[in-house]
Amino acid sequence: MSLQKIDVLIIGAGAAGLMCAAQAGYRGRKVAVVDMGKKPGRKIIISGGGRCNFTNQNAQPNNYLCANPHFVKSALSRYSQYDFIDLVERHGIDYHHKTLGQLFCDDSAHNIVDMLMTECEWAGVSIHQQSEVLKVAKTDHGYIVTTTAQDFQCASLVIASGGLTMPKLGASPIGYKIAEQFGLNVLPTCAALVPFTLHDKDKQRFDGLSGISVDCEVKSEDGTEFRENILFTHRGLSGPAILQISSFWKAGQFININLLPEQNLNDTLQEMRKQSPQRALKTALSQLLPKRLIDKLYEAGELPDKPLNQLTHQEYEELHQYFHQWQIKPNGTEGYRTAEVTLGGVDTDELSSKTMEAKKAPGMYFIGEVADVTGWLGGYNFQWAWSSGWAAGQVV
Numbered sequence: 030m031s032l033q034k035i036d037v038l039i040i041g042a043g044a045a046g047l048m049c050a051a052q053a054g055y056r057g058r059k060v061a062v063v064d065m066g067k068k069p070g071r072k073i074i075i076s077g078g079g080r081c082n083f084t085n086q087n088a089q090p091n092n093y094l095c096a097n098p099h100f101v102k103s104a105l106s107r108y109s110q111y112d113f114i115d116l117v118e119r120h121g122i123d124y125h126h127k128t129l130g131q132l133f134c135d136d137s138a139h140n141i142v143d144m145l146m147t148e149c150e151w152a153g154v155s156i157h158q159q160s161e162v163l164k165v166a167k168t169d170h171g172y173i174v175t176t177t178a179q180d181f182q183c184a185s186l187v188i189a190s191g192g193l194t195m196p197k198l199g200a201s202p203i204g205y206k207i208a209e210q211f212g213l214n215v216l217p218t219c220a221a222l223v224p225f226t227l228h229d230k231d232k233q234r235f236d237g238l239s240g241i242s243v244d245c246e247v248k249s250e251d252g253t254e255f256r257e258n259i260l261f262t263h264r265g266l267s268g269p270a271i272l273q274i275s276s277f278w279k280a281g282q283f284i285n286i287n288l289l290p291e292q293n294l295n296d297t298l299q300e301m302r303k304q305s306p307q308r309a310l311k312t313a314l315s316q317l318l319p320k321r322l323i324d325k326l327y328e329a330g331e332l333p334d335k336p337l338n339q340l341t342h343q344e345y346e347e348l349h350q351y352f353h354q355w356q357i358k359p360n361g362t363e364g365y366r367t368a369e370v371t372l373g374g375v376d377t378d379e380l381s382s383k384t385m386e387a388k389k390a391p392g393m394y395f396i397g398e399v400a401d402v403t404g405w406l407g408g409y410n411f412q413w414a415w416s417s418g419w420a421a422g423q424v425v
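Quick note: the sequence shown uses the working numbering, first residue 30, plus one each step.
Just so you know, these hints were derived from the structure itself, not from any lab. Note that the structure is predicted; figures quoted are calculated from it, not measured. Using N, Cα and C, we set each Cβ at its ideal position, and we do this for glycine too. Be careful, since some hints might not be right.
[Stated by the list, open to error] Derived lysine to aspartate or glutamate pairs resembling DMTMM-like cross-links, with alpha carbons at most 25 Å apart: (1) 311 / 296; (2) 383 / 36; (3) 311 / 244; (4) 325 / 236.
[Stated by the list, open to error] What follows is a list of derived Cβ distance ranges for each label pair: (5) 211 / 382: 41 to 49 Å; (6) 126 / 236: 36 to 44 Å; (7) 283 / 381: 35 to 43 Å; (8) 232 / 254: 22 to 30 Å; (9) 242 / 125: 18 to 26 Å; (10) 125 / 328: 36 to 44 Å; (11) 127 / 328: 32 to 40 Å; (12) 304 / 230: 35 to 43 Å; (13) 330 / 196: 35 to 43 Å.
Given the sequences, and given the hints that come with them, work out the whole structure.
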């Protein structure tokens, strides 16, 4: 197989890889991107319900989980959400704001992929799809990478291979394997931004509630808290608040859910009691929360079947505690199949926070999800892809 000599080889045609490729190409570098899939940007295309939540207006370093919380600061400050928004606007892509700073394409996530591919074309980048990496070797002048389609010799090798999420889209551990081959530490990985599954008894308890959504505050045992919707599913619990908290949850832990974050239940029930003393507690609660949920809690014998004027002071206190600190212990998560990102990855202590270069392997760079950087739900992970890709693209 012939050996193609280039300046920069990027493994992975996702968000971070394409961003880095265009940046390096504009600097006059000869750049190639290799990817196992048939098409580039596959995760971009399915993200945000097909509209791609491409960044978040509120992106800050404290929106990221990383063993070294300072690592993300440099890249995020040098290429911010506003820089990416400017790129989107220059390409004439219409977008809209949703809640909590999230930005989505008006039309389709394909707009973002098309924009990145256009940038790569303008920058003279060559992209090789359906090209699997078989071997990476160090040379005196950089690296030789053997793929199923072509061999490359490059001065700079960028690993933008992503994590383990969504294996149907071709997720692979290749990035972690390359890191380990060159002596870099890889932190344990697990699925994040992922729905919870429930123990059988809880699954039976909530059977029939699939599709019900409730605005809640969800808190993990370490005190992290998110206020958004939870969604009951056939398998357990999902919705934005659950996906957020999943990144902070560990097996065996409880999560606390405040089902009524907007009110004080004790005060609300006392007010209802004044107006309608004979009203059944069940009726009163069904005005505050979905009736199907209240019916299920009654079926499970978890609530007193009495009118408001027959409840004792202690029962009011217990109801207040129950709904404001509803505890549930997940059985686990749905795993990489449905997770949005991978928690853990290449230890950022092994990398330069300015360039993403591996300290032990000069000329090798790790960007995007393959590194131990995980953003919150809501466009933060894409922003890390853009920022880390840009940072490496300035130096490779």
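For the pair residue 330 and residue 196, does the Cβ-Cβ distance stay inside 35 to 43 Å? holds, 41 Å
Could you say whether the range 18 to 26 Å given as a hint is met by the Cβ separation of residue 242 and residue 125? Taking Cβ atoms as reference, residue 242 and residue 125 lie about 21 Å apart, which means the hint holds.
Taking the Cβ atom of residue 283 and the Cβ atom of residue 381, is their distance within the range 35 to 43 Å? 39 Å Cβ-Cβ, so the 35 to 43 Å window holds.
Within 35 to 43 Å or not, the Cβ separation of residue 304 and residue 230? With Cβ atoms ~37 Å apart, the hint holds.
Against the 25 Å threshold, does the CA-CA distance of residue 311 and residue 244 hold or violate the hint? holds, 20 Å
Against the 25 Å threshold, does the CA-CA distance of residue 325 and residue 236 hold or violate the hint? Holds, because 8 Å separates the two Cα atoms, which is no more than 25 Å.
Starting from the hint 36 to 44 Å, judge whether the C-beta atoms of residue 125 and residue 328 obey it. holds, 42 Å
Starting from the range 32 to 40 Å, see whether the pair residue 127 and residue 328 falls in it by beta-carbon distance. holds, 36 Å
Hint check: residue 311 vs residue 296, CA-CA at most 25 Å. Holds or violated? holds, 16 Å
Okay, residue 211 versus residue 382 on CB: inside 41 to 49 Å? violated, 19 Å
Residue 383 and residue 36 were given as a pair; does the straight-line alpha-carbon distance stay at or below 25 Å? holds, 20 Å
The hint says 36 to 44 Å between residue 126 and residue 236; measuring C-beta to C-beta, is that right? Hint holds: Cβ distance 37 Å, inside 36 to 44 Å.
Hint 5 from the earlier list is the only one contradicted by this structure; the remaining hints agree with it.
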